[in-house]
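*Asks:* Okay, here's what each chain looks like letter by letter:
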Amino acid sequence: MDTAQPSRARLGLRAVMITAVAILAIFPLLNQLPADNVFHVSDFLVSVSGKWICYAILALSLDLAWGYAGILSLGHGAFFALGGYAMGMHLMRLIGPRGSYGHPVLPDFMVFLGYQELPWYWLGFNHFSFAMLMVVAIPGLLALVLGWLCFRSRITGVYLSIITQAMTYALMLAFFRNDMGLGGNNGFTDFKELLGMPLNTGAARISLFYASLIALVASYLFCLWITGTKYGRVLTAIRDAESRVRFLGYNTTSHKLFAFVASAMMAGIAGALYVPQVGIINPGEFSPGNSIEAVIWVAVGGRGTLVGAVIGAFSVNGLKTWLTSAAPDLWLFVLGGLFVAVTLFLPKGLVGLLQGRAK
Amino acid sequence: MTETSKITRRVALAGLTTALTAPAFRPSFAQAAPIKVGVLHSLSGTMAISETALRDTVLMMVEAQNAKGGLLGRRLEAVVVDPASNWPLFAEKARELLQVHKVDVTFGCWTSVSRKSVLPVFEELNGMLFYPVQYEGEEESKNIFYTGAAPNQQAIPAVEYLLGPDGGEAKRIVLLGTDYVYPRTTNRILRGFLNSKGITDADIMEEYTPFGHSDWQGIVARVKRFAGEGKKTAIVSTINGDANVPFYRELGNQGIKAEDIPSVAFSVGEEELAGIDTRPLVGHLAAWNYFMSVQSPANTEFKALWQAYIKNPRRVTNDPMEATYTGFNMWAQGVAKAGTTAVDAVRPAVIGQTFAAPAGYTETMLPNHHLSKPVMIGEIQADGQFNIVYKTPEVVPAENWSRFIPENANRRRG
Amino acid sequence: MRPARSVMKRIIVLVLLLLAAMPARAQDAFLTALPGLGGGFGAQVEAVERLGALGDPRALPALRALSEGRLLRLADGTLLIRDGATQVNAATGAPQQAAEADTQRININNRVRGALRGALGQLQIISPDPDERFAAAEAIFRSRNAANVPLLEAALARESVPRVRERIALALAASRLVASDPAAKLAGITALGATASPEARSILLEARAANADVLPQIEAAVADIDRRLAIRRVAETAFQGLSLGSVLLLAALGLAVTFGVMGVINMAHGEFVMLGAYTTVIVQDLARDIPWLQPWSLPLAVPMAFLVTAAIGAAMERGLIRHLYGRPLETLLLTFGVGMMIQQAVRLAFGAQNREVISPPWMQGTLMLPFDVPVTANRLWILCFSLVIFALILAAIRMTRFGLEMRAVTQRRAIAAAMGIRTGRVDALTFAFGSGIAGIAGVALSQIDNVSPNLGTGYIIDSFLVVVFGGVGSLAGTLIAAFGLGVINKMLEPWAGAVLAKVFVLVAVMVFIQRRPRGLFPQKGRAAEA
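Residue numbers (our numbering), protein chains in the order written: chain A, 1 to 359; chain B, 1 to 414; chain C, 1 to 530.
Worth flagging that the hints you see were computed from the coordinates, not collected in a lab. Watch out, some of these pointers could steer you wrong.
[What the hints assert, rightly or not] Label-pair restraints from in silico Cβ distances:
| # | chain 1 | residue 1 | chain 2 | residue 2 | range |
| --- | --- | --- | --- | --- | --- |
| 1 | B | ALA382 | C | ALA395 | 37 to 47 Å |
| 2 | B | ALA308 | C | ALA209 | 55 to 65 Å |
| 3 | C | ALA311 | A | LEU123 | 53 to 63 Å |
[Stated by the list, open to error] Taking lysine-lysine and the DSS-like style, the derived pairs with C-alpha atoms no more than 30 Å apart in a straight line are:
| # | chain 1 | residue 1 | chain 2 | residue 2 |
| --- | --- | --- | --- | --- |
| 4 | A | LYS192 | B | LYS142 |
| 5 | B | LYS224 | B | LYS257 |
| 6 | B | LYS36 | A | LYS320 |
Where is the CB? At the ideal position from N, CA and C, for every residue including glycine.
My request is simple: use the sequences and hints to build the entire structure.
*Replies:* Right, dumping it as structure tokens:
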């Protein structure tokens with residue numbers, strides 16, 4: 001894995017990352033080219049790659065927890081969704097009187113469910129800064145509580161995975177309830193604007209695209225920095241032999257806790273950027289299947305290498321977008337087969353292939 | 001590393017790179033400029049159970065239209081995508097249909113949330129969507145035509161029937177539903193309606209369950225208890241597709257007979273009943289705008305077309321399929337009238353179109369983008385079909401903004 | 001003058017017809033009431049009630065045929081009863097064959113069905129068959145009518161079978177309650193108050209409005225019933241919880257082997273359950289044409305489902321999973337992919353729609369346990385079935401050579417190999433065993449849930465939780481966890497609603513695992529650390 005790599009291969013991976021980011025960065029420019037130009041990037045590809053960038057951030061965050069700290073969370077989708085919900089609440093507040101009932105404060109779904117006033121937990125979300133704070137605070141807090149409870153009682157491996165899965169499942173059931181005051185199954189849709197920008201314009205899409213790209217680069221650099229420090233090395237050591245690290249006198253609980261919370265916050269940011277781009281957030285995002293898919297991106301790309309997570313998110317999602325149109329009846333076979341093939345033949349993921357070449 | 005595993009890796013890599021660089025997003029160049037019909041129904045995931053039949057219906061219609069020489073002298077071409085019961089994916093696929101495949105019209109969605117998810121996309125890119133399922137109303141978009149029922153075309157007439165002499169003159173009502181927006185809104189509307197009929201909140205029991213709920217023992221037992229308070233009780237069910245089979249099994253097994261506690265359902269049709277032995281359920285009711293058992297020449301033609309297309313004489317038709325069929329025909333008529341497939345020209349041309357629907361009535365597309373439809377109530381029979389015990393003499397125009405929701409009081413009615 | 005003549009002609013014909021009908025009406029109320037059965041719903045109700053009150057046994061076949069949808073009408077109004085391939089005239093009982101195209105089936109609605117139930121009850125109370133008399137008493141009890149009092153009194157006097165007597169007495173009490181005689185009314189109230197029947201309670205409550213004079217007696221009787229029902233309700237909730245527990249147990253047992261014993265995270269477990277359910281469908285489809293096999297199709301599906309899913313499990317273990325031992329989290333990924341493929345393959349092969357599964361008669365309806373606790377037959381069978389399967393698995397692991405080898409391999413693989421156990425073969429068999437159990441669970445679940453490609457997805461998370469909660473590797477833990485969670489869930493449900501109850505249970509399990517990370521029954525020793 002990372003630490004054991006020859007530095008040439010490592011630099012090669014970074015070069016891949018830099019190239020990928022550079023290509024993505026000029027996507028919106030290529031979009032301006034005439035449609036018959038070979039390098040033209042369609043509107044659709046721009047909007048869908050904005051979504052993939054968010055997935056890539058989620059994959060990075062998961063890789064930090066799983067690939068470096070050995071915490072296989074099967075509930076990372078929950079942190080992603082919570083970040084998304086915080087953003088969604090902000091976007092709902094911004095609709096104001098433009099809803100179909102014209103109520104100055106209450107969102108449409110509250111009006112037709114007969115709410116008289118805004119529930120207390122909606123207060124403050126009309127401020128962008130408060131909402132952004134919540135985007136990281138809520139997932140972070142949940143991760144802190146869950147992580148503290150689990151790591152303290154030394155729950156590891158499969159047990160931890162199943163607890164995190166139960167967590168996201170319980171959250172999904174809870175958010176499905178209309179009585180939660182969070183839109184139930186429909187969640188939030190029909191957003192109008194963000195920071196004064198109408199959302200259904202090309203300019204907004206490009207701004208969000210760049211915002212996501214910047215967040216991706218920042219997350220990548222953050223992870224790169226973390227994993228390079230002494231703290232990061234201890235983390236990797238915990239992943240490989242937790243008991244030994246503990247016997248050496250390190251407080252493994254706090255080390256893991258920090259990584260888990262940081263990872264949850266990153267996932268929250270990814271979710272917050274994702275929601276305005278896809279235009280909907282609903283409890284389906286909490287479904288355990290989504291979290292497992294995120295794990296699969298990381299595994300396909302290559303666990304324990306940051307670039308791998310990013311590559312995995314892009315390739316699996318790209319494949320899925322293409323196949324659900326190109327082979328609507330057969331795409332599950334292709335994707336399922338890919339997961340099987342990767343685990344059997346590419347234990348280090350796609351990145352393993354690249355590294356093999358570099359050697 | 002052994003030689004073989006190197007080779008497997010190479011092969012895998014080559015496969016992946018071709019997969020990724022293949023002509024995924026290159027704009028397709030129109031050859032003979034066919035008219036493109038988008039089909040946006042889930043073919044996998046939880047909703048596939050209901051939506052695949054609608055995909056097949058649209059494909060059948062496209063084939064039938066081409067056999068008639070297409071439209072405006074052009075061939076129709078269906079573009080099928082799989083949004084996989086995943087709501088954000090619905091929005092993405094809608095965008096792809098409109099931007100990449102440049103479809104002229106789309107037929108799709110089943111759940112309200114999927115429609116809500118694609119609505120901004122259709123509005124932004126000025127597409128045209130035909131939505132074929134009964135829903136809670138409280139919506140109107142210039143880019144969507146709603147060919148299923150609004151609440152006043154299904155829920156209210158059905159409850160009126162239960163309160164009447166033929167329905168058993170119910171004095172207490174149990175509102176059972178899956179916890180999502182359609183049952184919540186419908187039940188709010190029904191509560192308003194029941195209150196206006198003198199049934200107080202003490203005589204209304206309301207309960208919600210999650211999607212795919214399979215353990216109904218407790219709830220059915222509570223319904224029995226609620227019904228045992230000495231007043232004639234009826235169940236109004238807005239339980240969603242998947243959960244119905246276990247619900248009806250429990251109802252049958254706990255011996256709730258339609259003569260004692262009749263239930264009327266708004267989401268149970270011929271397709272859902274195909275999965276259950278209906279003998280213990282004879283007499284329970286469903287309200288729709290179409291039943292397969294309707295006797296009309298248009299229905300005979302529709303059923304024959306479907307069973308020939310699907311190559312199975314036992315496959316059933318149901319209400320959303322009929323709504324798809326009617327919607328498709330109205331769109332085709334609108335295109336013929338407008339002489340183009342351009343959305344802005346077809347939209348006004350579709351409004352006011354009439355069609356002799358399989359339901360046996362002539363339905364009209366109203367300016368509010370909803371249909372006027374007949375309301376029918378059917379009793380479940382032992383063979384899984386419905387025996388129509390009531391139908392409105394005339395079609396009922398859709399009220400998408402319900403008069404039983406106080407916030408709509410100031411809204412003009414179309 | 002032609003029109004006038006034709007009018008005359010018609011009048012003459014009409015008079016002749018009336019004359020012909022006159023003696024019939026005078027002599028035979030049966031024949032006059034009968035044609036009403038072919039009329040509108042209102043006319044049907046009237047005719048049914050008249051025929052029931054007549055007590056004429058000739059009406060019985062026609063009424064039965066009407067309630068079962070076998071009554072046909074010809075264009076001239078003649079009513080025929082279809083009996084298999086033959087048809088008989090409803091009025092005369094003589095065979096009368098008519099072409100399919102000429103006949104129209106007579107439909108009824110709930111109101112007619114209710115009237116039919118009462119009328120059939122009145123007619124069948126004199127039947128020689130005690131089961132029919134029992135059903136008739138039940139029907140009269142539900143349709144309660146003051147006019148039935150003399151009929152029931154007579155029936156009670158000649159009845160000898162105790163359980164039928166009891167039913168008739170109850171029906172009599174209910175009928176007396178709606179009668180006008182105050183003494184009879186009081187007798188009725190007392191009789192109803194002595195039961196533990198919710199229906200009797202409902203009848204008493206309904207009678208409150210019309211009987212202000214005996215209101216205190218009614219209230220006292222209701223209170224009596226309530227006291228008895230309270231005990232019954234606890235038993236009911238307990239059964240519901242056990243039943244939910246048995247479903248959880250069945251779904252989790254296969255996983256308790258593959259995950260609990262072998263440590264393989266099999267995300268395709270739900271798909272094996274689904275395959276078991278589809279095997280049931282196939283077996284039933286095949287048995288459809290073989291009459292003697294039909295009632296046995298469900299029991300036959302059990303071994304078939306085991307074999308099918310076990311074979312697929314063995315193939316999956318040998319082909320894929322064995323390459324990944326020691327990397328449990330990667331098997332998760334692999335099996336998730338396999339699950340996707342199995343699900344889509346089933347969807348393409350069988351269609352996305354629900355498939356119909358037939359419940360044999362012994363799995364339908366409600367059974368009465370002692371103390372009048374009603375339980376649904378299918379759930380009772382599934383509960384027993386889950387316990388039997390559990391016992392068999394336990395026996396297989398504890399008492400057979402295969403079980404011994406299996407335990408040896410999972411505890412100390414190297415030493416087991418050194419002792420001459422073919423570990424690869426044992427791995428494959430163990431995985432096949434676990435998969436087969438999942439298939440068996442599918443047979444049972446097909447009786448309460450949808451048989452669709454999504455069947456398994458709903459059970460996978462619950463199954464993992466049950467196994468973890470019970471303690472990985474402990475079958476007894478799985479048993480107790482499943483029943484415990486089921487009962488707790490059902491106890492919470494009336495308070496919190498179905499969704500919140502489930503959320504509470506999930507949170508409770510999570511908190512519990514924090515406190516006891518190895519579950520209810522932790523494995524001891526070094527194996528637990530692996």
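*Asks:* If a hint holds in the structure, say so; if it doesn't, say that too.
*Replies:* The hints, checked one at a time:
1. In this structure, B/ALA382 and C/ALA395 meet the distance hint of 37 to 47 Å, their C-beta atoms being roughly 43 Å apart.
2. For B/ALA308 and C/ALA209, the hinted distance range of 55 to 65 Å is satisfied, since their beta carbons lie about 58 Å from each other.
3. Distance hint for C/ALA311 and A/LEU123: a CB-CB separation of about 59 Å, consistent with the stated range 53 to 63 Å.
4. Among the hinted pairs, A/LYS192 with B/LYS142 is consistent with the structure: their alpha-carbon atoms are about 17 Å apart, no more than 30 Å.
5. Between the alpha carbons of B/LYS224 and B/LYS257 the distance comes to roughly 11 Å, so the proposed pair stays at or under 30 Å and holds.
6. With a C-alpha separation of about 22 Å, the suggested pairing of B/LYS36 with A/LYS320 holds against the 30 Å cut-off.
Taken one by one, the earlier hints all hold for this structure without exception.
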